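Chemist: Taking the hints into account, I'd like the entire structure generated from these sequences.
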Amino acid sequence: MPEIRVCEHGEIADGAVRIVKTGRLEIGVIRQTDKYYAYRNLCPHQGGPACEGLRMPGVRSQIENGIFMGQTFDEGDMHIVCPWHGYEFHLADGTNVCDAKLKLQRFDVVQRDGAVYVVV
Amino acid sequence: MNTHVKPGDPTFRDLASEEFDTRVHLAHAREQALVRKYEDFLIVDVDSHHYETDAFDEIAKYITDPVMRHEALFQGMARGGITSTDGSYQELAGRITRYPNRRKEKVPAEPHRDITLMHRWMDPMGVDIAVMFPTPMLNLAVCPRVELEVALAFAYNRWLCDTVLDKDPRIKSMLYLPFNDPAACLKVVEEFGEHPGCVGFMVTATHYKGVYDNAYAPVYAAMQERNLPLGFHAMFSWGDQSLRLTNRFIGVHALGFAWHNMLQLTNWVTNGMPERFPGLKTVWIESGLAWVPFLMQRLDNEYMMRPSDCPELKKKPSDYMRDMFFTSQPMEMVDNKAALEVTFQMINAETQLLYSSDYPHWDMDLPSTIYDLPFLSETAKRNILGGNAQRLFNLKPVYADWKLQSRGE
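Chains A and B, in that order, are what the protein sequence lines are. With the working numbering applied, the first sequence covers 254 to 373. With the working numbering applied, the second sequence covers -12 to 396.
A portion of the hints provided could be inaccurate.
[Claimed, not checked] Pairs of lysine-lysine, DSS-like flavour, derived with a Cα cap of 25 Å:
id : chain 1 : residue 1 : chain 2 : residue 2
1  : B       : 324       : A       : 354
2  : B       : 324       : A       : 356
3  : B       : 24        : A       : 274
If you're looking for bench data, these hints aren't it; they were derived computationally from the structure. Since the structure is predicted, the reported quantities are computational estimates derived from the model, not experimental observations.
Modeler: Written out as structure tokens, the structure reads:
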């Protein structure tokens, strides 16, 4: 499988994204807590640049015995948020948080000799 | 190592170091426009917005009352913070990045910033002509100071004509009617009714005056005489007595934007306004479409049992509604293709539906939301995306430069 060298490890700041374009294909390579993820930069909703927005932790409501206690961020479940309309996808696997049938296309990332590659 | 990659390819973008540019933000919209060959036909967007707050110092100078002008220049016009009744988190607390980034977008000194920003989204989307509305001013009608609504209506309309409409034939507006003052509404129609670029007048749906009130008869007559449509632009107000029960934005928005137009349309039909002003066309803006079949069925069902309640009517409420025009956005599209198709049939979408984006707001729709519908013919798509609006507003087609270049014109 062809690989594209994206960067040296550390070249993308933690929490940041680099958009790689080859032909008509755009891939967002995201570095988050020292792991790299790569998804097609195309939202299945209206075609927005899904990887060009924010990464936000999922919001959780705290309910105890049916009583609403408040809300919190789940830092262990970062979401990719499409900047066009706010559609949210789990960073871990690219599935939409509301409907798992909707997915961002995922690409493998390889780290080798201090560099980061995306497999296309 | 890069294998199987052409020389010069790939390219890289680091978003952290990029300045916001609407054309980049909408690059995928541009690709959609090219793939679908939008250069072959006219696209009219009947509901788009700018942020008049950005130019409020200019607008405030158009207020004729010197005391109010001083107050406006001192106070400015901005949405409130987290406790405001406007509920300022429709941009999803920063998740819709164009909201905060728009303010920092660099533009050339000429033309006016609003014209540049309009072109920067219209061109990628393939929109040739856009009907432009303000944003925070949509809730001006719930301001208890009627004289302020009137002053700002005239100031905004004059500013918009001088600064935008007179300068760019691709931008139109249905100008703001200060609905709480019927006499002032008539003055607005008389002052701006023949102004180039004014293609009708707009009432925000969040108001508490009956649209059937006889006080508005001269206003409707003046618009009918000029063949200018009346638009009801949906809005929500978190100050509304019933909507105050919603504690999340999704609730107040989903209900409010439909509810206020349901209310005004019900009064419009049941009071026989289409019979009293048969030449006055109405446009129902930004409520989506799902509410329309509901209201058609609901009103028809009750009308058959209570014709004495609305003796002005000569046909069923739904028949009047099929004569009306509806804008498409925010079109309900999740898992409901069959319902959407029935909705299109019920409202005679091929002649009555008007594409709208609502750009730059969070729930904007691209032209592809219409173009990609599997149950529409090519003719129907082109009517909804532009032809219906062209006929309704009697528009002279003005195409985006890139379309003319693409066609070799």
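Chemist: Determine for every hint whether it applies to the structure shown.
Modeler: Evaluated hints:
Of the supplied pair hints, the one linking residue 324 of chain B and residue 354 of chain A holds, its CA atoms being roughly 16 Å apart against a limit of 25 Å. For the proposed pair residue 324 of chain B and residue 356 of chain A, the alpha carbon gap of about 20 Å is at most 25 Å, so the pair holds. Of the supplied pair hints, the one linking residue 24 of chain B and residue 274 of chain A holds, its CA atoms being roughly 23 Å apart against a limit of 25 Å.
Going through the hint list in order, the structure satisfies each hint without exception.
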